[in-house]
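Asker: For reference, the chains in residue letters:
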Amino acid sequence: MFRLEARTSTPAWFNLALPLLAIGATLVLCSGLIALAGAGVIEAYGVMFAASLGDSYAITETLVRATPMIFTGLAVAVAFRAKFWNIGAEGQLLAGAVASCAVGAIPMPGPLAMLLMALAGAAAGAAVALIPATLRVKFKVDDVVSSLLLNSVIFYALMALIEGPWKDSFSGYPISPPIEDSANFPVLLEGTRLHLGVVAAFVAAPVIWFLIARTTLGFRIRVIGENPEAARYGGIHVERVLISTALLSGALAGLAGVSEVGGVHFQVMSDISPGYGYSGIVVAMLARLNPLGVMPAALFLAAVMTGAEAMSRATGVPAFLSDVIQGTALLAMLVALLFTAYRIRRVGAA
Amino acid sequence: MPAPLIEMRGISKSFGAVMANEAVDLSVAPGEILGLLGENGAGKTTLMNVLFGAYAPDAGEILVEGRPVTINNSADALAAGIGMVHQHFHLAPRLSVLENLLIGIPGKSGRIDRAGGLARLAEIGHQHGLTLDPDLPVSALSIGEQQRLEIVKALFRGARLLILDEPTAVLAPTEVDGLFSALRSMAAQGLGIIFISHKLNEVRALTHRCVVLRHGRVTGRVDAPASTTSSEMARLMCGHEIVPPARGPSTPGAAVLTLDGISTSRHSGMALRDVSLSVRAGEILGIAGVSGNGQRALAEVISGVRAPDAGRMTIAGKSVSRFSPREVQALGLGRIPEDRMTTGLVTNLPLADSMVLPRIGTGAFSRNGLLRPDAIHAFAEEQIKAYDIRCPGPMTRAGALSGGNLQKALLARELAFDPKVLIVSQPTRGLDIGAARFIHEKFLDMRARGCGIVVIGEDLEELLMLCDRIAVMYEGCIVGTLDSADATIARLGLMMTGAEGHS
Amino acid sequence: MSVVLEQIFQVGFLAAIIRIATPLAFATLGEMFSERAGVLNLGIEGIMLLSAMTGFTATSLSGSLWLGVLAAVLTGALMGAVHALFTVALGLSQHVCGIGVTLFSSGLAYFLYRLIFGQQSVPPSIKSFETLPIPVLSDIPVLGPAVFNQFSLVYMAMAAVPLAAFVLYRTPWGLSVRMVGENPRAADSAGVGVIATRFQAVILGGALMGLAGAFLSMVQFNAFTFGLVSGRGWVAIALVVFGRWDPWRSAGAALLFAFVDALQLRMQASGLGHIPYEAFLMLPFIFTIVAMAVMSRNAVAPSALLKPFRREER
Numbered sequence: 001m002f003r004l005e006a007r008t009s010t011p012a013w014f015n016l017a018l019p020l021l022a023i024g025a026t027l028v029l030c031s032g033l034i035a036l037a038g039a040g041v042i043e044a045y046g047v048m049f050a051a052s053l054g055d056s057y058a059i060t061e062t063l064v065r066a067t068p069m070i071f072t073g074l075a076v077a078v079a080f081r082a083k084f085w086n087i088g089a090e091g092q093l094l095a096g097a098v099a100s101c102a103v104g105a106i107p108m109p110g111p112l113a114m115l116l117m118a119l120a121g122a123a124a125g126a127a128v129a130l131i132p133a134t135l136r137v138k139f140k141v142d143d144v145v146s147s148l149l150l151n152s153v154i155f156y157a158l159m160a161l162i163e164g165p166w167k168d169s170f171s172g173y174p175i176s177p178p179i180e181d182s183a184n185f186p187v188l189l190e191g192t193r194l195h196l197g198v199v200a201a202f203v204a205a206p207v208i209w210f211l212i213a214r215t216t217l218g219f220r221i222r223v224i225g226e227n228p229e230a231a232r233y234g235g236i237h238v239e240r241v242l243i244s245t246a247l248l249s250g251a252l253a254g255l256a257g258v259s260e261v262g263g264v265h266f267q268v269m270s271d272i273s274p275g276y277g278y279s280g281i282v283v284a285m286l287a288r289l290n291p292l293g294v295m296p297a298a299l300f301l302a303a304v305m306t307g308a309e310a311m312s313r314a315t316g317v318p319a320f321l322s323d324v325i326q327g328t329a330l331l332a333m334l335v336a337l338l339f340t341a342y343r344i345r346r347v348g349a350a
Numbered sequence: 001m002p003a004p005l006i007e008m009r010g011i012s013k014s015f016g017a018v019m020a021n022e023a024v025d026l027s028v029a030p031g032e033i034l035g036l037l038g039e040n041g042a043g044k045t046t047l048m049n050v051l052f053g054a055y056a057p058d059a060g061e062i063l064v065e066g067r068p069v070t071i072n073n074s075a076d077a078l079a080a081g082i083g084m085v086h087q088h089f090h091l092a093p094r095l096s097v098l099e100n101l102l103i104g105i106p107g108k109s110g111r112i113d114r115a116g117g118l119a120r121l122a123e124i125g126h127q128h129g130l131t132l133d134p135d136l137p138v139s140a141l142s143i144g145e146q147q148r149l150e151i152v153k154a155l156f157r158g159a160r161l162l163i164l165d166e167p168t169a170v171l172a173p174t175e176v177d178g179l180f181s182a183l184r185s186m187a188a189q190g191l192g193i194i195f196i197s198h199k200l201n202e203v204r205a206l207t208h209r210c211v212v213l214r215h216g217r218v219t220g221r222v223d224a225p226a227s228t229t230s231s232e233m234a235r236l237m238c239g240h241e242i243v244p245p246a247r248g249p250s251t252p253g254a255a256v257l258t259l260d261g262i263s264t265s266r267h268s269g270m271a272l273r274d275v276s277l278s279v280r281a282g283e284i285l286g287i288a289g290v291s292g293n294g295q296r297a298l299a300e301v302i303s304g305v306r307a308p309d310a311g312r313m314t315i316a317g318k319s320v321s322r323f324s325p326r327e328v329q330a331l332g333l334g335r336i337p338e339d340r341m342t343t344g345l346v347t348n349l350p351l352a353d354s355m356v357l358p359r360i361g362t363g364a365f366s367r368n369g370l371l372r373p374d375a376i377h378a379f380a381e382e383q384i385k386a387y388d389i390r391c392p393g394p395m396t397r398a399g400a401l402s403g404g405n406l407q408k409a410l411l412a413r414e415l416a417f418d419p420k421v422l423i424v425s426q427p428t429r430g431l432d433i434g435a436a437r438f439i440h441e442k443f444l445d446m447r448a449r450g451c452g453i454v455v456i457g458e459d460l461e462e463l464l465m466l467c468d469r470i471a472v473m474y475e476g477c478i479v480g481t482l483d484s485a486d487a488t489i490a491r492l493g494l495m496m497t498g499a500e501g502h503s
Numbered sequence: 001m002s003v004v005l006e007q008i009f010q011v012g013f014l015a016a017i018i019r020i021a022t023p024l025a026f027a028t029l030g031e032m033f034s035e036r037a038g039v040l041n042l043g044i045e046g047i048m049l050l051s052a053m054t055g056f057t058a059t060s061l062s063g064s065l066w067l068g069v070l071a072a073v074l075t076g077a078l079m080g081a082v083h084a085l086f087t088v089a090l091g092l093s094q095h096v097c098g099i100g101v102t103l104f105s106s107g108l109a110y111f112l113y114r115l116i117f118g119q120q121s122v123p124p125s126i127k128s129f130e131t132l133p134i135p136v137l138s139d140i141p142v143l144g145p146a147v148f149n150q151f152s153l154v155y156m157a158m159a160a161v162p163l164a165a166f167v168l169y170r171t172p173w174g175l176s177v178r179m180v181g182e183n184p185r186a187a188d189s190a191g192v193g194v195i196a197t198r199f200q201a202v203i204l205g206g207a208l209m210g211l212a213g214a215f216l217s218m219v220q221f222n223a224f225t226f227g228l229v230s231g232r233g234w235v236a237i238a239l240v241v242f243g244r245w246d247p248w249r250s251a252g253a254a255l256l257f258a259f260v261d262a263l264q265l266r267m268q269a270s271g272l273g274h275i276p277y278e279a280f281l282m283l284p285f286i287f288t289i290v291a292m293a294v295m296s297r298n299a300v301a302p303s304a305l306l307k308p309f310r311r312e313e314r
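Chains as they are written, first to last, in full-length UniProt numbering: chain D, 1 to 350; chain W, 1 to 503; chain G, 1 to 314.
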């Protein structure tokens, strides 16, 4: 007989081993679907790997893909640390995209435009995240539900904008006018799409790590997430910290939108985010809510997404496999996390 | 003597490295009330949870009327005729009395058998004098009535053996008498009863026989509790004579904490009504009372977590204006909470984090919004050494520590900053004798150094030993304050029912 | 405004409310059973989508509508069991598992649909149920044709509400469900299997979510599209709060939401053409958020919601 037994401490190598274990289990489980689609498992995964990490151009594409998910992953990691259940990174991303697109369309010197785009996008994302946080603090509304519903509201608002005032009257397509050329984020490597936002994401992760691990705000965020009552008795203004967390989380998600507008699309359309907000949850969980872990986790999902498209073209396996992999990875990671709290012990038969 | 109703043979159960029960034998005959006596942590509750199927024993067997049975869960226990009244009631407050009774009872043609339930409830009420209104939600019942419901629930399921885990801890002395007469009536009708307690006088008054546990082992069997002295039983329980720490004479100074006409609204639990009290430097004031009479609200107001609707409070002569934890702490208040796990510590984070939590924003542990990890680590390490907190180090998850060590950690974090006033709730609940003794000595030490201490507690013996004065709370009021020299358990017990007022 | 009022009392408008409310009622009842047992099921959005897909596919391949409904119900129940496995048996975070189940189910639905039907310029559709007028009742003016000339799945939703109330409040199993959601320890000590009861409730909830999905792909749209569910699952979770975890009130909440939704559809169609129709699509969601803000203060969730149960944990 086997039994779960509580652990008192977790070895450090678990931080690396658990996500790898989860990813391994996910790829094994999903190989069933590849086989179902009539393709060779090794071949399909091989194409995925080659297309996402096989050469330097592929790697830059994966980095570009990972960027918005680093931002949303950080947004979710920060929020979940405080047990602020922000499932609204998707809506916050869209809000950030719309705001930065509006600012970027105003003619002004490039660096100023980029700075203002970032500020406007972060502010828009923060404003959206403020809604579920305020509703929770003032009206006890469940933050999961309100942030989820807000995703729909923001999405339809964006649609109304690009079908209405922003609609391209010439072509009739539901896309916004492009931002000024001078506001386009500079490309860092000739011949690739590696833009300034990518660097910003890789800078943001250690900054957020420092904030969580080494500042009093970070300390308070961790404590209100783990035990709000003890925090309250310890003199921490729980509601205030929750609001700060929401603003920070929303701003990070908003920056994901900024980066997509300024560095990839240069305008706003209905499918500007293929669910990067939700992917952020997967990223954050794979990273065990550690901001530094967000970077490799986002790279993994990005590789899966870029690779899945190539795999679909080469083998005919639907590219939606990447969505299945995301969901499976999240569930597998949760199960793997059990090993941090419990160990399996063999109990001798009585 | 008739054949035993229940017999436990050689029961052992361990949690990790802790041996909670070791080779315990125990039996109960029909019509017998067996006392199960032991200190907190002696393994009484674990043993009964094994009997009731909540824990699987590592070794040993259980016999019901001479037949060996396997009890894997409470359903098995109920089927074997064993019922249990837990210390924390197993009731759903928002469901009705009848619904709480009928849970797990098969219905009649697919529906809940309401008529049958009502009839059975009336029958049990008639038999043992245990009446209840079937359609009231449980949240509307008093604690005593909820306990009655738990007993009825067991009888409803045809229990022939009833286990009661510390049933008197939540009752006022008068309610205890009612409970005892009901239990005697049940025993007279042939039921077996196991009465768990650490209160010697109750065991002597009620039980026919008793078994004493210490460190999970049977250390004594008393065949005639009524004629055995308390000190003899105490020796069996503790392994040695209990020598309480001596409380020397005190020379109280100026008042360090005063409450003047404090009233609160009824937010959750009992509200405070016009509470006034004062504690002087070098004095320990006890707050006695049956739980749920406003002690929680009092602790919350003093800790700055709840602002009163009316009244004034001063700490070290300064008026408290905003009632925030940060304010009262800055004025010199330290706090040892009742519930270590929920309002004291952060179990999932390193111990060091919990130890600096109330002072994280001060210069000692942070500067310009940045933490000082070295200072935090050093502080925790220092306190771990000073208080002999048993743990691998400051980075250990707080939740991994034992209760006694956690209480020491909380004590360390408050006392390190030399509080002028200390508010303490149930300081030794759930601790073993050694840890409790350590805590008591620290309090007396603080008293000698001129700290004013408020101890909120239910254990009157502990209060009498520690305190210079004892105030009694009843229904949100202070009904009287006694010098501990004049106080006796009987007198305090009477005041706790609101019967006598003294000032 | 009078134009709007006139439209409310039209047969078409009433019938639209009923049709919009039907999948919401199934989904809301499903979520309610799960939450009443103490398990939040955020997988609802994905479970509805996957069930809609399997139901549509089964009908499309077999030609039998009821076989499709059965497939959808079984899919929902299966995914409910998966959610219960993670949250009840393993005691993992209900929030994150629910999101995981939604991501997984949605991905799987799209994947399998594409695998089975390929990429077609005109999405395949099925011939849906015919309406089933109830004799006599359907002759009542206005109300009759709107309420009693409906699809059989609509009647099932109407019957599901009192049935759910009966099961929850009048049967021993319903009492067990309420008890494990309020105080699992009490249920356990009364000999009720907490894990088993929670599993059953979450699976039943999943089956009801499956019916909701079936209605969407097999009655409302006659096809499976990628935006088929588009937030209806999340709305159902809000409606459970709004309906205070009670079958009757939850159904009432579903009707109220359906009313707002039908109203915005009318507004899209009426003379407000210069406003993009997406602006109206926002309204029901905003309405739901506001309704939650109004109701949540007094709404008391089941005490043990979100709390896993492990017997030996002390």
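Derived from the structure by calculation, the hints contain no laboratory data.
Among the clues, some could well be false.
Taking lysine-lysine and the PhoX-like style, the derived pairs with C-alpha atoms no more than 25 Å apart in a straight line are [said to hold, decoys possible]:
#, chain 1, residue 1, chain 2, residue 2
1, D, LYS83, D, LYS167
2, G, LYS127, D, LYS138
3, G, LYS307, D, LYS83
4, D, LYS140, G, LYS307
Asker: Taking 25 Å as the top limit, are the C-alpha atoms of LYS307(G) and LYS83(D) close enough?
Answerer: It holds: about 15 Å lies between the C-alpha atoms, which stays within 25 Å.
Asker: Tell me if the straight-line CA distance from LYS83(D) to LYS167(D) falls inside 25 Å.
Answerer: violated, 39 Å
Asker: Are the Cα atoms of LYS127(G) and LYS138(D) separated by 25 Å or less?
Answerer: The hint is violated at about 49 Å.
Asker: Would the hint linking LYS140(D) and LYS307(G) be met if the CA-CA limit is 25 Å?
Answerer: Distance ~18 Å between LYS140(D) and LYS307(G) Cα, so the pair holds.
Violated hints, listed in ascending order, are 1, 2; each of the other numbered hints is respected by the structure.
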